[in-house]
Each structure stands twice: as C-alpha cells, then as structure tokens.
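Take these sequences, add in the hints, and give me the full structure.
First to last, the protein sequences are chains A and B. Take the first sequence: its position 397, counting from 1, is numbered 1785 in the numbering used here, and each next residue is one higher. Take the second sequence: its position 328, counting from 1, is numbered 372 in the numbering used here, and each next residue is one higher.
Derived from the structure by calculation, the hints contain no laboratory data. Keep in mind that the hints are not guaranteed to be accurate.
As the list claims (entries may be wrong) - Mimicking DSS-like on lysine-lysine, the simulated pairs with C-alpha atoms at most 25 Å apart in a straight line are:
no.	chain 1	residue 1	chain 2	residue 2
1	A	K1450	A	K1779
2	A	K1559	B	K506
3	A	K1428	B	K431
4	A	K1450	A	K1559
5	A	K1421	B	K431
6	B	K506	A	K1421
7	B	K427	A	K1559
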Amino acid sequence: MIAASSEVLKFPILSALIVLPLVGAIVVALLGKSRPEWVKLAALVSSVTTGALSLWLLGAFKSGEAGFQFVSQHLWISQWGISWHLGVDGISLFLVVLTGILFPLVIVGIDPHHNETSYLAWMLLLQAGVMGSFLALDLFLFFVMFEIVLVPMYFLIGGWGYDQRVYAATKFFLYTMAGSAFMLVGIIATVALAQRDLGVVTFDVVKIAEGASFSTNAARWLFVSFAIAFAVKVPLFPFHTKKKKKAVTGAVIQMVNHGVSTGALFLLVGMIYERRHTREIAELRGIQHVAPIFAGVFTVVMLSSVGLPGLNGFVGEFLILIGSFEAARWWTVVATVGVVLAALYLLWAYQRVFHGEPDEANSSFKEINAKEGMLMAVFVAVILVTGIYPKPMLERIEPSVNSFIEHVEGQTK
Amino acid sequence: MNDLAAFVGPKIEWFSISPLLALLAGALILLLVGSLTNEWPKYWYSLTAVFTSALAIGLLISLWINVSNDGAKLLIGGSLTLDHFAILGSIAICASVVLVSLISSDYLTRSGSDAPEIYALYLTAAIGAVVMISANDLIVLFLGLETLSLSLYLLAASNRQQSASQEAGLKYFILGGFASAFFLYGVALTYGVSGTTRLNDLNTALTSYIAVPRNDAILLIGIGLILVGFAFKVSLAPFQMWTPDVYQGAPTPVTAFMASVGKVAALVSLMRVFVVAFPSRSDDWGVVVLVLAILTLIVGSVVAIVQTNIKRMLAYSSISHAGFILVGLEAASHRDSANVGDGLVAVGVYVVLYAALVVGTFAVVTVVARDASDGATSLDAFKGLAKNQPALGLVMTVFLLAQAGMPLTSGFVAKFGVIKSAVAVGSYQLAVVAMVCAVIAAFVYLRIMVSMWLSDGDAGEKVVVPTLSRVAIGLAVAVTLLVGFLPSLALDLTSNLAQLAVK
Chain A
1389 MIAASSEVLK FPILSALIVL PLVGAIVVAL LGKSRPEWVK LAALVSSVTT GALSLWLLGA
1449 FKSGEAGFQF VSQHLWISQW GISWHLGVDG ISLFLVVLTG ILFPLVIVGI DPHHNETSYL
1509 AWMLLLQAGV MGSFLALDLF LFFVMFEIVL VPMYFLIGGW GYDQRVYAAT KFFLYTMAGS
1569 AFMLVGIIAT VALAQRDLGV VTFDVVKIAE GASFSTNAAR WLFVSFAIAF AVKVPLFPFH
1629 TKKKKKAVTG AVIQMVNHGV STGALFLLVG MIYERRHTRE IAELRGIQHV APIFAGVFTV
1689 VMLSSVGLPG LNGFVGEFLI LIGSFEAARW WTVVATVGVV LAALYLLWAY QRVFHGEPDE
1749 ANSSFKEINA KEGMLMAVFV AVILVTGIYP KPMLERIEPS VNSFIEHVEG QTK
Chain B
45 MNDLAAFVGP KIEWFSISPL LALLAGALIL LLVGSLTNEW PKYWYSLTAV FTSALAIGLL
105 ISLWINVSND GAKLLIGGSL TLDHFAILGS IAICASVVLV SLISSDYLTR SGSDAPEIYA
165 LYLTAAIGAV VMISANDLIV LFLGLETLSL SLYLLAASNR QQSASQEAGL KYFILGGFAS
225 AFFLYGVALT YGVSGTTRLN DLNTALTSYI AVPRNDAILL IGIGLILVGF AFKVSLAPFQ
285 MWTPDVYQGA PTPVTAFMAS VGKVAALVSL MRVFVVAFPS RSDDWGVVVL VLAILTLIVG
345 SVVAIVQTNI KRMLAYSSIS HAGFILVGLE AASHRDSANV GDGLVAVGVY VVLYAALVVG
405 TFAVVTVVAR DASDGATSLD AFKGLAKNQP ALGLVMTVFL LAQAGMPLTS GFVAKFGVIK
465 SAVAVGSYQL AVVAMVCAVI AAFVYLRIMV SMWLSDGDAG EKVVVPTLSR VAIGLAVAVT
525 LLVGFLPSLA LDLTSNLAQL AVK
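Dropping the structure here:
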C-alpha cells in the first residue's frame, strides 16, 4: 500500500527545497541591477542551503520505510480538488539529493561568460521546478512543475548555448510541450475516471492510487499519454516488462547514477571546449600527455558510465540485468548488447581524444585547475563511494520499490 | 381597436438594466456635450468612458449579488435575461472598454486625433454587446448584434489618415452585412417552424411537438444559418477570412476592442442560443460544432506560423482561442452526460480571462509597434525589446506565455477548464486535437519571444509607455498572474454560472 507516513516534521522541509531556490532566483534578479557583485554570492547561498537541506533530508530519512515521508499538504484549488501536496519516498529521495548537490556544483563551476544575473536566476528557477517535479504528489502540481521547467531551460539553451542554440531551444520547448499536452489530457482523464470510484474530483496521487481502479484498456491509454510526455524528455526506449523488484530497484539507482556520471561527463566536455573551442573528436588528440590528471578524472567518469564493477554505474546495470533476465530473457540480451556498445563508443572516443601524440593545437591544453579539481572531486567521490558501498542507497530505495510493485501487482490481478 | 386600447407594455426593471443605462448615459454625454463644447482637456474623453464603464461594472457586481440571492430571472417581458452568465460576460465587456479606452487615449493623442466619437462608439458597441449576451429573444439579440457591428464598422474605419483603415472598415461592413443576413434568415426559418423567437419558448416548442420530417429539415437549415451567422462574427473557420485583414488594417486599440468585446459578445450569445433554445437538436448541431472547432483550431494555429505582421499573427491566435472556446460548446452538446454543464462554465471563465489577456497583448503592441501608413506593423519592432526595456519585455513574455497556456498564468486556467469539460463528457479526440493545436500555436508566441530576448534590436528610440497605457497593461498583467497563481479567485465565480434564466 502506498500510504503517507505518520512522520510529520514541524518545519516544511520539502516546501523549503522548492521555495528556497525560487526566492534565490528573485533575489538574484533584483540584485542584478543594483549590486551585480553580490549576485553570485546570493545564488551560491541559495543553492548551497538547498543542497544542505537535501543532505539533511538524506540523513533524516527513515531507512526501511516504504511510504512517503515529510509530507506537507495545503489546499490550493478547492473546486478541482487540487492541493500543494509534497512527499518523498525511497524512489525520489536520491533524485532530490542529486538535484540538491548538482546545482551548487554547477553554479560554482561554470562561468556563463555573459549576463551572469539572468543565467543564475534561470538556473535557480530551474532547480525549483526540478525539485517540485520530484516531490509533487498531486497530478496538477506535478504538471505545473513539469511545465515550469520549460521556460528556464528555453532561455538557458537559447541564451548561453552554442551554435544553433535558438533552434535547439525552440525545438526543445515545442517537443516537450507537445509531450506534456498529451499528458495533460491523460491527467484529466485519470481524474475523470477516478471520480467514478472516489465520488469526488481530486488530483491527489495518493488518493487516486489507493481508491481508484482503471480498466485495462483505459489504463493502457493513460499510460501512453504519460509515456509520450516522459519519452520526449528522456531519450529512452520504454522497457516494459513484468515488474520485478530487482530490476526496478536497479532502474531507480541507474537514474541517480546516470545523473552523476553524465553530469560529470558534460562538465568535462565543457572544460575541453573552454580550452580548445571545439568538441570535434577529430580535432583533439593526445590530451593525456599534457593533462594527465584531467585524463585520469575523465577515465573514472567514463568507466562509471560504462559500468565497471567498483564504480557506481555497475550497481544499477547489474540489478536491472539480473532482475530482467528472469522476466524477459531476450530484452535482457538486447540491453546487454547496449552495455557492450556503450563501452565500445566511450573507449574508442577516449582513445582518439586522449591517446597518441598531441599536435600543435592540443599541446597547449591546460591541466585541470584547483576550482575544477574540487568540482570533479565531489563527482569522483560519489562515483567511488556509491560504487564500492551501495548498501545505504539500496536500504532506502528497496522498501518503496517493493511496496510500489506489490501495489501494482495487486491492482492488475 | 379594443385590443389596442387594452395594450399594456411590459414591466421594465430599471435597476436590472442600469448598467445599460450607465453606458448609454456615457455615450450620450460624449456625443452631445462633446460636440457642443470646446475641446476637453487631455484624457477627459477617455476618462469619461473609463468612468462610465467602471460605474457599469459596479452596478453589475451588485446585480450579481442580487442574482446570487434571488436567482436568475427574465426581464422586460421575457426579452432579456439576468443571470450569472450574462453578468459575467457583461463585466468582461465593460472591463475591456476600460482597458481599451486607456490605451486609445495615448494612441489618438500621438496621432493628434483625440475626439469624443471614438469613445462614444466604444460605449455604444458595449451596449450592443451587453444586449446581445443578455438577450432571450432572437430579434433582441439581432438588435444588439447590429448595434455592436455598426459601431465596430465605424471604429475599424476610424483612422482617416490611413487607407488601410478605410479598407478594413469597408471589408468588415460588407462581410458583416452578409453574416447578419444569414443570421436573420435563420431566425426567420426557426420562427416559421416554432412560432416564436424567444429562446426559452423555442425550446418548449421544439420539444413538445412531434417532428414532421419536412419541418425538421427547415428547422435544421434555420439552425445552420444561425450558426453560420455566428461563425462569421466569432471568426470560426471557414468563415474567418475577414479577420486577419480587418484586424491588421484597423487602428491597434480598435483591434484590441474587436478581439475582446466582439469575440466575447458573439461567443457568449452563441453559447446561450444553442444551450437554451436548441438542446433538443444537440445531436445534429453538436457534430457541426465539432468540425468547426477542429477546423478553427487547425487554421488558427497553423496559418499563424507564416505571418510576419504581428497584428495578423495575433488575429490568427485569436481565431485559435475561439476554436478552444468552441470545444466548450461542443462539450455542452452532450446532453446525455452528467457533466454537460461543465462546458458552459468553462466557456464563461475562458472568455473573461481571454478578454483581459488579449487587450493586454494588444496594448503592448500599440505601444511598441507603430502603425505604418500601409498598416504594416512588423515583428521587427519587437527585436531586442527585452534587452532594451526588460520590464516591457517581461510583461509581453507573461502575456505570450499566458496565450500559449503555460501554467501559473490565467491562460492555463482557461484552457484547463475547457479541456476538462471535454474529457468529462468523453470528447477525448477533440481534447487531444485542441492540445496539439495549442502546441503549434505556441510556436508563434515563441517566435515573438525569441525576437524580444535573443535578437539584437536597433539601439534606436526607446519605446515610451505613457501613463494610461501603463495602468491598462498593469491591470491586465495583474489579472493574468493573479488568476494563474490562485485560480480559485476565478473559479469561485462559477458556482451558479450554469443556471441560465429560462423563465
């Protein structure tokens, strides 16, 4: 059963995780005119506080419990049964922590080169929207947060991206909005159908999950509408199989680890661009000779992405493959081929960029500096620690996953 | 002779029609006093219209409370209605008059042609609009329609220095005449079948006799012609061809007026006529409305993409909004569903929020994009606007996002209500088509946003935003954001909206 935990903290920590970056964005925007030198500090204070809160949340989270914790609920639109309903469980916990840690790191580590105020304001607004998407337990609130993410992303890509950034920003906005458009119809249909079982109009996820049941046909169409929205945002082919607890736990871990390793990889690519003003593999060669530490960091992150045992990427992949093998043998084979291909393209790219003799242009590649080093140290630490000792993560994720699967199996019998 | 001697006129509920009287008083003062005296001080013409409309809004609010307590009723022998639906539409109309008068003042002063006639015409148009949406009799509705239309024809042609404006007025007049003729012919046919032009009596007549096949054909043709007449006024596809040309040629504040008052009046009265008089034939007209809605949505969103003139772009966007509102009418045609009232409520909320939004958008266009002598108001005027004047750029961004239906704006609340009403009666396909067209239309707004934020503009003259326009834009933004964050404010109005006056 997906039930709200009885634990209710006096301080609305989840609301704070959303409101703090939002307030930070407003403060940054206002300071930008009068005191531009304080802008970065304000952004840092806001995002670091949010990060600290998310780490505290990690510590305070009751391991072994399945339900939503730290729930806060306030009525928002009474006519439609919509409330400001937030909660965190094992599945969303680490995504929230990832968001909390990633944003301050990015704000410290990246120099936007122009219009710093707007950049930081949009970043903080983005953080608020992303946090909200993870924490929302009301379908309407979730949709609002999901869509709110579009605007800062559009301006960030369009304003600070590289070639063809306006085209990319516009394409991003329209594709995502199109996916969300289907999801909106799906959300309203879910509420309309649930109304028959529940007797009232409500957008509350917990209430609908507990009280409403959907016919197989209806459930399929609703799934499609949500899947379109999510599939557009995440370029992932839907892996639909009989639910197995190991596989789903692995998937949750994979989400988090993917965030860490891909985030780190893109930061490293950004560092390459800063130095060489190109991202073309053909123009890069022999970096390992001139910047061995940088190459070392890149190796660790890359191997995490490949799924080398001992690093975080392995945990998720292993659980998914083991869990899926029992349920869908041939899909698992396909997935494993994907793992092999990932190793192939990453290692080959690494060889072309880092091995060999550097030429004129590449020999001036500067080694990683102190600021960048500290930034990447956090990522490498997370990669190593969660790879060698994933047990604390698993302890918090598994109960929520188990209860989720039991709930689904109970509904579909 | 004896019959004539015994004639007793209908009872006139003076207080219930006081908003109309207030608007009439304002129009008369402007026309009579304005023409017999010297030129008034700056802004006084505009403020007279603003004050009159504000007074009308005050009276409407007290009427609203009356209806909440005593229920809806018919006025003047059953020719006008007094219910929440009519009052809400009237408030939207009067609020639009307030906002448009504010921005007209600066526009006219800029071109040196400030005069009382324009404002008097706004007020007479508003009178026609209010009569139209409150009418319980098709002839009275026609009276209101003609009053509104004639005022609009004159307003469209009011910029005597621009030939584009004359052309717009003439086009509107000719096509509007056709539309009114279609409408009237439809009224005549339905009268022939039923023997009445009262909306409530029509329904009684049509439900209480057994349909003779020949009569039913005439009835359906009559309903079809009425629908065509409305479709012209609302600019539904395929009757929307006049809209881009007329919106482009007319002076920009007048375009704002047409897009708000003109559309609100036509849509609300269309809703009322079909929900009150013809629900018995909803299986027949429901299909037609469905097709019209889909065509309008597609035409409005797709053709907007290729426009370079911002007024034409916004004309097509208003066409797609009309398509969205029509989804609500289609929902109201599902008589068998328990949620059939949702469509009416959704339409009521949408038109109110849409009016504020569209006037706000056109207010910014009035200030930023100057009407050239050939009526061209190019998108180029917006290039780099947000970089040079962030406040104005931000305000326009809010309006554009609201038109696109971004959450936390009133536009989202409006669209959400309409889609919800469609899903509640089972029109899933229409809901999906509407949402997809919303995304296509979003591209149009995005283009303007790109131009404002991500292009470099000429570092030329800064756009001056005069005081009255600031007030108008400020009010519109406030409504847009307030309702976006706290939709309950708007939804609280809807509890009795579906109870129309039928006796």
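Cross-check of the supplied hints:
1. A:K1450 to A:K1779: Holds. A:K1450 to A:K1779 sits at ~15 Å (cutoff 25 Å).
2. A:K1559 to B:K506: With a Cα-Cα distance of about 31 Å, the restraint between A:K1559 and B:K506 is violated, given a limit of 25 Å.
3. A:K1428 to B:K431: Judged against 25 Å, a Cα distance of about 21 Å means the pair holds.
4. A:K1450 to A:K1559: Violated, because 42 Å separates the two Cα atoms, which is more than 25 Å.
5. A:K1421 to B:K431: Distance ~13 Å between A:K1421 and B:K431 Cα, so the pair holds.
6. B:K506 to A:K1421: holds, 19 Å
7. B:K427 to A:K1559: Roughly 20 Å between the alpha carbons, so the hint for B:K427 and A:K1559 holds.
In summary, the numbered hints that this structure violates are 2 and 4.
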